[in-house]
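> Sequence:
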Amino acid sequence: MTKDDIITLPNPHLREVSSRVAADERTAELVADMTAAALDWEASRPHEISAALAAVQIDRLERVVIVRSDFDDKATRDFTALINPEIVKYEGSIVADYEGCLSVRDVYGKVPRHTKIRVKALDIDGNEVRFKAEGFLARVIQHEIDHTKGIVFIDHIKDDPTAFYRLDETGELEALDYDTAVKANSILWD
Numbered sequence: 007m008t009k010d011d012i013i014t015l016p017n018p019h020l021r022e023v024s025s026r027v028a029a030d031e032r033t034a035e036l037v038a039d040m041t042a043a044a045l046d047w048e049a050s051r052p053h054e055i056s057a058a059l060a061a062v063q064i065d066r067l068e069r070v071v072i073v074r075s076d077f078d079d080k081a082t083r084d085f086t087a088l089i090n091p092e093i094v095k096y097e098g099s100i101v102a103d104y105e106g107c108l109s110v111r112d113v114y115g116k117v118p119r120h121t122k123i124r125v126k127a128l129d130i131d132g133n134e135v136r137f138k139a140e141g142f143l144a145r146v147i148q149h150e151i152d153h154t155k156g157i158v159f160i161d162h163i164k165d166d167p168t169a170f171y172r173l174d175e176t177g178e179l180e181a182l183d184y185d186t187a188v189k190a191n192s193i194l195w196d
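Using this note's numbering, the letters of the sequence shown correspond one by one to residues 7 to 196.
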């Protein structure tokens, strides 16, 4: 798969709930497809990494997400698969920080999320895994699990006119004018 297989708003499938799946050969193939699409997208973006991807983003309504193993090194191309992931506990404080999404073109947001979470999922071999995540990893996992529930990050900030950004040509975030660039943008809203 390639970056062209990644669906973006206003595709209505991004607003649908994904189904639970088994950790089997078919799911392993899905994970490989997701990884290929995420890496191809990243190759086309000089200032960004592909931190994670949910299956719905390649138009598969299945509860599978992949999360990059190393967010700081673009040369590390490994992802960890989480099958049927769920957050079993939210912890820490709620902090607003920047997020982007492969399925929301050219819009970034300052999104409030919990700083710590506890997660339960199956690994690629079907073993149950439980772990704690903090900081950016916690944010990424919350973002991806939202996708499995039909929620996109802009849903958390749609009423905050100061929360929307775009990347300029040097890769720096700059605020978007809410009324002209966000509120009137029918691609973002149902």
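No lab work stands behind these hints, which were simulated from the structure alone. Mixed in with the good hints, there may be bad ones.
For lysine-lysine, the following BS3-like pairs were computed, each having C-alpha atoms within a straight-line distance of at most 25 Å [said to hold, decoys possible]:
hint	residue 1	residue 2
1	Lys122	Lys9
2	Lys138	Lys122
3	Lys122	Lys164
4	Lys95	Lys189
5	Lys164	Lys116
6	Lys138	Lys126
7	Lys126	Lys164
8	Lys138	Lys189
9	Lys155	Lys138
10	Lys80	Lys164
11	Lys126	Lys155
12	Lys80	Lys9
13	Lys80	Lys155
14	Lys138	Lys116
15	Lys126	Lys189
16	Lys122	Lys189
17	Lys138	Lys164
18	Lys95	Lys126
19	Lys80	Lys95
20	Lys189	Lys155
21	Lys116	Lys80
Computed Cβ-Cβ distance ranges for the label pairs, DEER-style [as the list claims (entries may be wrong)]:
hint	residue 1	residue 2	range
22	Thr168	Asp129	33 to 43 Å
23	Asp46	Asp166	11 to 21 Å
24	Lys126	Arg172	15 to 25 Å
We put the beta carbon where it would ideally sit given N, CA and C, even for glycine.
> Evaluate each hint against the coordinates.
Evaluation of the provided hints:
no., hint, in the structure
1, Lys122 <-> Lys9, "violated, 31 Å"
2, Lys138 <-> Lys122, "holds, 7 Å"
3, Lys122 <-> Lys164, "holds, 23 Å"
4, Lys95 <-> Lys189, "violated, 33 Å"
5, Lys164 <-> Lys116, "holds, 11 Å"
6, Lys138 <-> Lys126, "holds, 9 Å"
7, Lys126 <-> Lys164, "violated, 29 Å"
8, Lys138 <-> Lys189, "violated, 36 Å"
9, Lys155 <-> Lys138, "holds, 21 Å"
10, Lys80 <-> Lys164, "violated, 31 Å"
11, Lys126 <-> Lys155, "holds, 16 Å"
12, Lys80 <-> Lys9, "holds, 16 Å"
13, Lys80 <-> Lys155, "violated, 28 Å"
14, Lys138 <-> Lys116, "holds, 23 Å"
15, Lys126 <-> Lys189, "violated, 36 Å"
16, Lys122 <-> Lys189, "violated, 31 Å"
17, Lys138 <-> Lys164, "violated, 29 Å"
18, Lys95 <-> Lys126, "holds, 10 Å"
19, Lys80 <-> Lys95, "violated, 30 Å"
20, Lys189 <-> Lys155, "holds, 23 Å"
21, Lys116 <-> Lys80, "holds, 23 Å"
22, Thr168 <-> Asp129: 33 to 43 Å, "holds, 39 Å"
23, Asp46 <-> Asp166: 11 to 21 Å, "violated, 32 Å"
24, Lys126 <-> Arg172: 15 to 25 Å, "violated, 35 Å"
The structure fails hints 1, 4, 7, 8, 10, 13, 15, 16, 17, 19, 23 and 24 (numbered hints given earlier, in ascending order).
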